[in-house]
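K.L.:
Starting from the given sequences, assemble the full structure and let the hints guide the process.
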Amino acid sequence: MSLEVRVGLLILVAVALLGVFVVALGGGPGGDVKTLYIDFDNPGNVLGGAPVNIGNIRVGRVEEIEYRGGLLDPDTGRSPLIRIRLQIQEEYFGSIREDARVYVTSTSIVGESLIAIDPGSQDRPAVADGHILVGIDPPRMDQAFAMMFELLENIHGLLRDNREELDSLLSAAANMVRSLDGIFTRHGDRIDRIMQNIETATDQTNDLLGNANELITGPRVQRTLRNVDGITSSINRDIDPLLADARSIAGKVDDLLDMLGEEQQAQIQSTIADVSDISHRATGITQDAEQIVTHIRQGRGTVGAMLMDEEIYDDVQEMLRDLKHNPWKLFWRE
Amino acid sequence: MTTATAESQASEPDDLDDVEESQLEFYAREIKDLVGVFSRTLYYCVRGKREKGDIAAQMYAIGNGSMFFMCVTMAFIGAIVAYQMGLQTKKIIPDMSLLGATFLKLQVRDLIASVGAMPLATRVGAGIAAEIGSMVVTEQTDALRMSAADPVDFLVVPRFIASVIMGTVVLCVGGGVGIFSGMLVAMVSFDVNPNTFLNFSMLTSGDVILGLLKMVTYGGTIAIVSSQRGLRTFGGSEGVGIATTEAVVGSLFGIIVWQFILSAIGYVLLPA
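Residue numbers (numbering that gives the first Met the number 0), protein chains in the order written: chain A, 0 to 333; chain B, 0 to 271.
In short, the hints are calculated from the structure, not lab data.
All residues carry an ideal CB built from backbone N, CA and C; glycine is no exception.
Treat the hints loosely; a few may be bogus.
As the list claims (entries may be wrong) - Pairwise CB distance ranges, derived in the manner of DEER restraints:
#1 A:Leu-168 x B:Thr-101: 50 to 56 Å
#2 A:Ser-120 x B:Ile-91: 36 to 42 Å
#3 B:Gln-22 x A:Met-147: 53 to 59 Å
#4 B:Thr-101 x A:Asp-166: 50 to 56 Å
#5 A:Arg-5 x B:Thr-101: 34 to 40 Å
#6 B:Ile-91 x A:Ala-23: 25 to 31 Å
#7 A:Arg-5 x B:Pro-193: 27 to 33 Å
Claimed, not checked - Where chain B lies over chain A, by a calculated footprint (3+ residues, C-beta under 8 Å):
#8 155-163
#9 202-216
P.N.:
Here it is in structure tokens:
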């Protein structure tokens, strides 16, 4: 093999190696690409040439980052600050739907920022070439850190300015915990019993509720409810005729009263007054009788004592038995 | 030229101002000389006359002759860099998924060219300086001048073209070997899958362009600096030894300086 051939072979090897490298760098022999625009207000650290992934598969790259400055886009009616142009390989482009979610993420905590696409639901139409989607802005870590710093500053100031109060609060809390610990230690048995009682009570309540449920859903209650239902139905059905009759009777009474003269009305009123007086007296008599009966039941008085006192009753019975056997004692005293 | 340099080096400075002045003059003269050799080399690259097979012979000597040495060296360099990166990564974030991506970026953008050019300079630079220096001390270059032929055209241009082309070729192949050895180390030491390691996602075309630009520049630098030192050889075999040493040192210094300049340019024009 001549010297020139050896040199040529070495150059060919190097060129082939470089070619493989360049092809690998370009993500392999690529096909056609389509364009997709994403509107952001703040796309974070995404740079031109950053990868575009779907499900962690690289499907394209960031072609251009355009600053629009909030200029109104008449096509979309939005005023994005930043518009990013993506080049997506055609074979993946069809899977991106109109409700796709586009967000900025990174390969790791300190890794390169990239655009990730969640393709969206399959029942929605696919996006067209040059479609504009709205991206989800990444969290602003600088703002988060600033807020966290402010929060820490406030907490630090609170702790510094209220040191005595916090000390007393912590002491009180420690005392309370110690007291509670002492209570639990001293009354552990009682607390156990209380807990057991509560448990028993809850069990019994459960049983009670079960029984009540059975009772409510039982045949007797159901029957009663049916009867009540029937009664209310009957009342509903008969109330109108009854009211009509009552109105009719009231009308007739009014007519009757109109027919009576003043003297007769006076007599009736006098009669009613007499009846009322009689009823008052009857009531008094009844109350007296009730008092007498109550008196007798309480064993007071002669009759009461005779009826209610066992000893007198026995003496009277003994006396009557004695008189039955010795009637002469009615006339002759021993 | 050679006699003038010897005289200037032989003159002893009287005081500190003379020392500083003579040093400044020395470096200015060196730079002027280098620029002169480089410009004449470029001129003869276009207008010069060369014997058939001259460049091929130099390409074989520089490229094929350095291949084994460079492959072994680059394999070790790749392994060391991958291992150290893995160790540091393990300490900071125990996630090796991006080890390959960062390794490839670092290698392609910088290390293959700049670190690989140093062993190349030791071998190629020393060879060129010794070869040309020997011709100078045996007055072969004077014979060329007497024949109205510029030594730069006959001696420097073939070596320059060969060094630029084969330096790039050798560094490309050596870089591939270094990446492969780094991948093996990552797989054995850190259980990084080769597919995960060969992650080109962080590489850009700018990285490749910058890496290739550095390879070409370093190849040319080694040839120009070593040839210039060889052409300035004086004093017999001892002078050849000094020229060889100065060629290696000068080449390495040139590589470092170009590394700084090209990295700064790359930072502006081809950001990572």
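K.L.:
In this structure, is the beta-carbon distance linking A:Arg-5 and B:Pro-193 contained in 27 to 33 Å?
P.N.:
holds (31 Å)
K.L.:
Just tell me: holds or violated, for the beta carbon distance of B:Ile-91 and A:Ala-23 against 25 to 31 Å?
P.N.:
holds (27 Å)
K.L.:
Just tell me: holds or violated, for the beta carbon distance of A:Ser-120 and B:Ile-91 against 36 to 42 Å?
P.N.:
holds (40 Å)
K.L.:
Range hint 34 to 40 Å: satisfied by the CB atoms of A:Arg-5 and B:Thr-101?
P.N.:
Roughly 36 Å apart at Cβ, these two residues keep to the hinted range, so it holds.
K.L.:
With respect to the beta-carbon atoms only, verify the hint that A:Leu-168 and B:Thr-101 lie 50 to 56 Å apart.
P.N.:
Holds - the Cβ-Cβ distance for A:Leu-168 and B:Thr-101, about 52 Å, lies within 50 to 56 Å.
K.L.:
Just tell me: holds or violated, for the beta carbon distance of B:Thr-101 and A:Asp-166 against 50 to 56 Å?
P.N.:
holds (51 Å)
K.L.:
If you check the beta carbons of B:Gln-22 and A:Met-147, does the distance land in 53 to 59 Å?
P.N.:
With Cβ atoms ~57 Å apart, the hint holds.
K.L.:
Closer than 8 Å Cβ to Cβ for three or more residues is the test here. Does the region 155-163 of chain A pass it with chain B?
P.N.:
With 0 residues close enough to chain B, the hint is violated.
K.L.:
Take the region 202-216 of chain A, compare each residue's beta carbon with every beta carbon of chain B, and decide whether three or more fall closer than 8 Å.
P.N.:
Violated - the region 202-216 of chain A has 0 residues with a Cβ nearer than 8 Å to chain B, which falls short of three.
The structure shown violates the earlier hints numbered 8, 9.
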